[in-house]
Amino acid sequence: MDIHRCRFVDYTPHTITATAFSHPSTLSTKPPSSELRLAIGRSNGDIEIWNPRYNWTHELTLPGSKGRSIEGLVWATSPEGTESPRLFSVGGSTYITEWNLSTGKPITNYDCNAGIIWSIDVSSNNQKLAVGCDDGSVVIVDISGGPGFMEYDLICQRQDARVLSIKWDNKNQPARLVGGCADGRIRVWSADGETKGRILGTMRVDKSKTESTLVWSLSVMENKGQLISGDSTGSVKIWDLENYTLLQSFKVHDADVLCLVHDVNEEKIFSGGVDRKIHQFDLISTKTSSKWVHSFNRLLHSNDIRSMSIYENKGGYGFLVSGGVERAIVVQHVQQFHDGKYKKLLINQQLSNVIVDSGKRLIIMWQDQQVKIWKILENGKYKLVCKVSLADDENITSVDYNSESNLLAVSKLTSVKLFQLEESTKGKLHVHKIRDESFDSLIEGAKLIKFIESKTLLIVTPEEELYKFDINPEQSRIELSAEIEQIEPSPSTNSTSNKLQHASCINNLIISPDCQNLIISRYNGQIEIYPLNGTSPAYILTKLSSYAHLLQCSTNEKLIVLTEDNKIFEFYINQTESKTLQTPWSRRNSEFLPRQFTSLEDKPQGMVVKYEKLWIFGSAWLVYFDLSVNIPISKEFKNAGGSGGRKRNRNGLSIIEDEASGEVDENVEVLETSLKQREIDRLRQQIQDDEQSTNGRSGSGNQKPFFITEKYRPIMKVCDFGENEIVVIERPYFALPTTPAFNLPKLKI
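Here the sequence shown stands for residues 0 to 748, where the numbers follow the working numbering.
Any given hint could be a false lead.
Restricting the straight-line Cα-Cα distance to at most 20 Å, the calculated cross-link-like pairs of lysine to aspartate or glutamate (EDC-like) are [to be verified]:
#1 342 - 303
#2 359 - 719
#3 250 - 221
#4 170 - 150
#5 343 - 601
Here are the simulated distance ranges between beta carbons [claimed, not checked]:
#6 6 - 719: 41 to 51 Å
#7 724 - 390: 10 to 20 Å
#8 9 - 437: 32 to 42 Å
In short, the hints are calculated from the structure, not lab data.
In this text, a Cβ means the ideal position worked out from N, Cα and C, and glycines have one as well.
Whole structure, please, built from the sequences with the hints as guidance.
Here's what the structure looks like:
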C-alpha cells in the first residue's frame with residue numbers, strides 16, 4: 000500500500016471570539032447529558048455547535064458572512080426546561096440575531112436602534128436580554144414571547160463611554176445591570192422598579208498613565224453580592240455590589256484581562272487575557288471573615304485568550320472551556336485546574352471541507368468564500384490548478400465535484416452555483432459558470448449537495464427537503480427531475496433529545512457505489528434507505544441508541560456505521576429472509592472491538608473502505624481493520640467486550656453516558672472486568688462454532704485484523720487514491736499563520 004502524505008492544503012481555522020454553554024451550571028438537578036451543547040463563535044461569522052458527550056462531537060456549523068465576526072453568544076433556556084434552548088448572537092452591528100439550529104438560518108434579526116453592540120447577557124430568568132453599545136447605551140430587550148420574539152423594553156440612562164461588558168444581577172430587587180466601560184468606570188443601572196433605567200452607582204478602576212483604561216470583562220456573584228472586574232491594566236478586582244466599594248485587587252496579569260468566569264459555588268474565579276495565562280483565585284473562609292487568594296496559573300494557550308465559559312452539574316462534571324487567537328478549544332476540569340489533564344481541539348475536522356478525486360488526482364478544499372483545487376503530478380509534486388472566489392459574502396456550506404463530467408457544485412444557504420471545469424494545455428483548470436435563471440429562482444440555497452451520477456445533483460435545502468436536478472452544461476440548463484419524499488422522523492428514544500431543535504435533522508448523507516441507494520442518518524439515531532430507481536419504497540434500516548457519527552458503504556450491499564460512542568457496525572442494506580441486519584463480521588466483532596480503539600480520546604473524523612479494508616482516522620491517529628478477519632479475543636487486544644466493557648473516561652473532560660446520571664462507584668470497573676471475562680469465556684465456544692459455519696477466520700498468520708498508528712498528525716483527511724494507494728492530508732501546527740503573541744519572560748535554568 001502506497002501512502003501519499005500531503006502538507007500543502009492551507010486550511011486555517013479562525014479565531015475563537017465567543018463561547019457559551021446552552022444550560023446554566025447547577026448542583027441541584029441531574030445533568031442534561033443529551034441536551035447540553037457548547038456554542039463557539041468565530042471571527043469569520045461561523046457558529047459551531049459542539050456536543051460534549053463521548054470526547055466532544057462537532058455537530059453543526061451555522062454559516063456566517065464575510066466581515067461578520069461573532070462577538071457575543073448567549074443561550075436562553077425555558078424555566079421548565081420543556082423547550083429547546085434559544086441561541087442569540089451579536090457582532091459588529093446594531094442587530095441581535097436569534098438562530099434556528101435545524102435550518103442554520105437566523106429566525107429573526109432585531110435592530111436595537113442604538114450604537115454597534117459590543118456585549119450581551121441574558122437575565123437569570125431567561126426573560127430579557129441586555130446589550131452594551133459603543134455609543135454608551137444599554138438596551139434591554141424582552142424575549143419572553145418564545146422563539147422569534149424580541150421586543151424593545153428600555154434604553155437605560157446614557158453615558159459617553161463604550162459599554163465593553165455587561166452582566167445581569169437578578170438576585171436582589173430591583174434587578175440591576177452592571178456594565179464595564181471604556182473610560183475605566185463600572186456603572187450600575189437599575190433594570191426594574193421605579194428607578195428603572197437610571198444609573199445607581201459608579202465604580203472606578205486604576206488609571207493607566209499612558210492610555211485610557213478599558214474594563215473588558217465582568218462577572219457577578221449574585222449570592223455573595225460581589226462583582227469581579229478585569230481591565231486593560233491586567234488587574235482583577237473584587238467589588239462589593241451593595242456599597243459599590245472595592246474589596247480586593249490582584250495585579251497578576253501582564254496585560255489586558257479579556258474574560259472572567261466563576262464556579263457555581265462562587266468559590267473559584269478564573270481569569271484570562273492577552274498574556275495567554277489562565278489564573279485561578281480561591282475563596283478562603285474563616286469563622287469571622289473570608290478573602291480571595293491567588294492560587295494557580297496555567298499556560299495552555301499560545302496566544303490571546305478571548306473567551307471562557309464554565310459548566311458544572313450534579314454528576315461531577317465541571318468543564319472550563321477557553322479559546323482565542325490560537326483558534327483551539329481548550330477543555331479543562333474546574334476542580335483539577337492546577338494539574339489536571341486538558342484537551343485541545345484545533346485541527347479537529349469532524350465536518351470535513353476536503354474532497355479527493357482519485358481519478359484525476361485532484362484535492363479540493365473550500366473555506367469561507369473560496370474553493371482551491373490542487374493536482375498531484377506524476378513526479379510526486381503538486382500544483383494549484385484552480386481557485387474559485389465567490390462574490391457573495393456568505394460562507395460556503397458544501398462543495399462536490401464530479402470528475403466524469405468536470406462539474407463543480409458550490410452551495411451556500413442563499414444560493415447553489417454550478418461550474419464546468421476545462422483543462423488547458425498548461426494544466427490549469429478554466430472555470431465556466433453554468434447560468435440558469437429558472438434554477439436560481441427555484442432553489443434559494445442548500446445545506447448539502449451531492450452528485451449521484453455524472454450529471455445528476457442531489458440538493459438538501461435548509462428545510463431538509465431533498466431534490467434531484469439534471470444538469471445539461473452544453474445548453475446551460477439545470478432541470479428538476481424529482482423530489483424525494485422522506486420518511487416521517489420518529490421521536491427519539493431518548494426523551495431529552497426531543498427538546499433539541501435539530502434532533503430529527505440529517506447528520507450524514509452518502510450514495511451507494513452503484514448509485515442505486517441514498518443512505519441518510521439523523522441525530523435521533525435513525526438510519527434510512529431511499530432507493531433511487533423510483534420504484535422501491537424508502538424504509539428505515541435501523542434506529543441506534545447513539546446516533547451514527549460516520550457512514551460508509553463497503554459494497555453495494557453493506558453499510559458500515561461508526562456510532563457516536565466509537566462502536567463499529569456493518570449492516571446489510573437490502574434485508575431478505577436469508578439475511579439478518581448485521582453481517583457475520585459485525586455480529587462477531589462489534590461488541591469486542593480492541594480497547595486501544597474504543598478508548599481513544601480524539602474523536603474520529605472520517606472513514607475509508609476499500610476491498611474489505613477499513614481505515615478510520617482522527618486528528619492524531621489512523622486505525623486499520625480487516626473486515627475479512629475476525630478480531631481475536633485476547634489480552635493482547637484488550638477487547639472492550641460484553642456488557643458495558645467500554646473504558647470509563649475519568650478525566651472529566653467529556654460526558655460518558657454511563658456516568659451522566661451521577662457519581663461512579665469505584666468498584667464498578669472491577670465488577671465489569673469479572674463480568675466481561677465470564678462472558679468472554681462463555682462466548683468462546685459459540686464463536687468458534689459461528690466461525691466454522693460462516694467460514695470466518697480469526698486473525699492469524701500474515702493477516703493483521705487491527706492496527707493503530709500515530710505517525711501522521713494532525714490529519715485532515717484520509718482518502719482512497721487509486722489501486723493500492725491512499726492519501727493522508729496533514730496540516731502541521733507550525734505551518735498555521737499566526738499573529739505575534741504576548742512575549743512572556745523566559746526563565747533559563
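Results for each hint:
no., hint, in the structure
1, 342 - 303, "holds, 18 Å"
2, 359 - 719, "holds, 12 Å"
3, 250 - 221, "violated, 24 Å"
4, 170 - 150, "violated, 23 Å"
5, 343 - 601, "holds, 10 Å"
6, 6 - 719: 41 to 51 Å, "violated, 19 Å"
7, 724 - 390: 10 to 20 Å, "violated, 37 Å"
8, 9 - 437: 32 to 42 Å, "holds, 37 Å"
Consistency note: the structure conflicts with the earlier hints numbered 3, 4, 6 and 7.
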